[in-house]
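What follows is the residue order along each chain.
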Amino acid sequence: MNRVEELAEQLDAAARDAREVTQIDPEGHLSLQDAYAIQRASIERRVSRGAGRIGVKMGFTSRAKMVQMGLSDVIWGRLTSDMLIEEGMATSFVRFVHPRVEPEIAFLLKKPLSGHVTAAEALAAVEAVAPALEVIDSRYRDFKFTLPEVIADNASSSGIVVGPWTDPREDFSNLGLTMSIDGRVAHVGSTAAILGHPLRSLVAAARLSDAAGEPLQAGWVVMAGGATPAEWVKPGQYVSIEMERLGGAGFHMEN
Amino acid sequence: MATFSIDIAGAAHSLREATRTGNLIAPLRETFPLITAADAYAIQRTNTEHRVREEGRRIVGCKIGLTAKAVQAQLGVDQPDFGMLFDDMGFGDGEPVSMEGLQQPKIEAEVAFVLGRDLDMEKPGHADVIQAIDHLLPALEIVGSRIADWNIRFVDTVADNASSGAYVLGSTPKKLSHVDLRLCGMVMTRRGEPVSVGAGAACLGNPLNAVVWLARTMAAVGQPLRAGHLVLSGALGPMVAVNAGDIFETRINGLGSVKAVFETEPTGRQLT
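Line by line, the protein sequences are chains V and C.
In our numbering, each number is its position in the first sequence, counted from 1, plus 129.
By our numbering, the letter at position 45 of the second sequence is numbered 25, and the numbering carries on one by one without gaps.
Everything labelled a hint here was simulated from the structure, so no lab data went into it.
Please note that a few of the clues may not be correct.
[What the hints assert, rightly or not] In silico DSBU-like cross-links for lysine-lysine, where the CA-CA straight-line distance does not exceed 30 Å:
no. : chain 1 : residue 1 : chain 2 : residue 2
1   : C       : K86       : C       : K49
2   : V       : K273      : C       : K49
3   : C       : K86       : C       : K154
4   : V       : K194      : V       : K363
5   : C       : K103      : C       : K155
6   : C       : K239      : C       : K49
7   : V       : K194      : C       : K86
8   : C       : K49       : V       : K363
9   : C       : K154      : C       : K103
10  : C       : K103      : V       : K194
11  : C       : K239      : C       : K155
12  : C       : K49       : C       : K155
13  : C       : K239      : C       : K86
14  : V       : K194      : C       : K154
15  : C       : K86       : C       : K155
All chains, full assembly: derive it from the sequences and hints.
What follows is the structure, encoded as structure tokens:
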């Protein structure tokens, strides 16, 4: 087994068993290409157990975060069917290592979208937009990782909750939102925090997933990236998002 | 015998001098360790009276400060504060603002409320305030501090007219019924980059709550808000430092946009 397969197996097992691992590359020897190869191999193992591919998630989409990480591009991860948490329903804390949650906007695609597309082409491929929550749960101890490590770990993605779908033709570039824990507002933001306009995140998703040979498909969901800092979630809590005009979504984190 | 009285007039004078000369002062809480919130408001009132009587400036409304939970926590308080707005602090959309006369300026996006009726009843409530609001405008508030390094606590900012400086108003009035005040998205950009992002909920849960707090407070101190008064809500997102030559634009969903242009050379209209 080569090094990529070895690390993929390690991270896949950590995600499956909700078990933390030590950093796989603390010295930073892995290239971004290696990191994405590990992610792909790790998700392939999950898919071979029966999970379906349902879309992609974008990460480090806030300018502040990109500067903080010293990045020149966003990162992405793969969404699988076992990551879906039904809106309004519960998920179990034991599925996660140390989950955090962030508010996002989600795209539902009605057409495939690949390569270098314009914002207009990207919008033309969107069936609907929805308020959404993403559970991010780094498999690394203490949520500490390098850039290649977080990419290998599927960009920390581990769960998604999606609210009601809405026609995307009305401007969604600056929709105010709140994320609440047990009904108390924890963060306030706007979809404008996502690269200045969430559509830019979809354009990047089309480019990056095509470059990896897995172009975006009709019916896929694209999670555009966090609109506020992430918040820790404890067992027993109810997490919800409310978004201007688009409505809300929530889930229970059970023991 | 030790004296427990605060030199209100002296403190007020030192703040006015700092404004005039740009020589910033030490925190009042250090100069007057026993200073209370009531003293701080007395200092503010002294300068308000001075500005009206001696400088011929006109009060056009109030600003509300400390409306963000994070800022209240930072200053160790659980309530907002207020300061007075004067006629010469206002600028129009895109009208150049001189850096002269601003002290350590920072900028934040807010909702401006213009009242159509007096709020002079006892203890005005939400329904009174909703009825009294004539229209809303997007606004950028340029805050400033006469206290060196913005080293402020509650009493320092209250005495310093709630760290006010100037403000820029948008030009297209909107009705309250057309705006989702709680969830309206806000983005403030500089050279096309979002530098502050938020929503109405960042201001006491809803900017209207801030206006109700102000209306009650002003009624209680016998200076009720009046028809025509302008009220600046408090920030919808984090404040950002201003440098000469900067141009900031904010968009607030439902309210439109407003732009603040800061001069590089001292050619813009100055605050008196």
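- Okay, which hints does this one fail, numbers in order? 10 and 14
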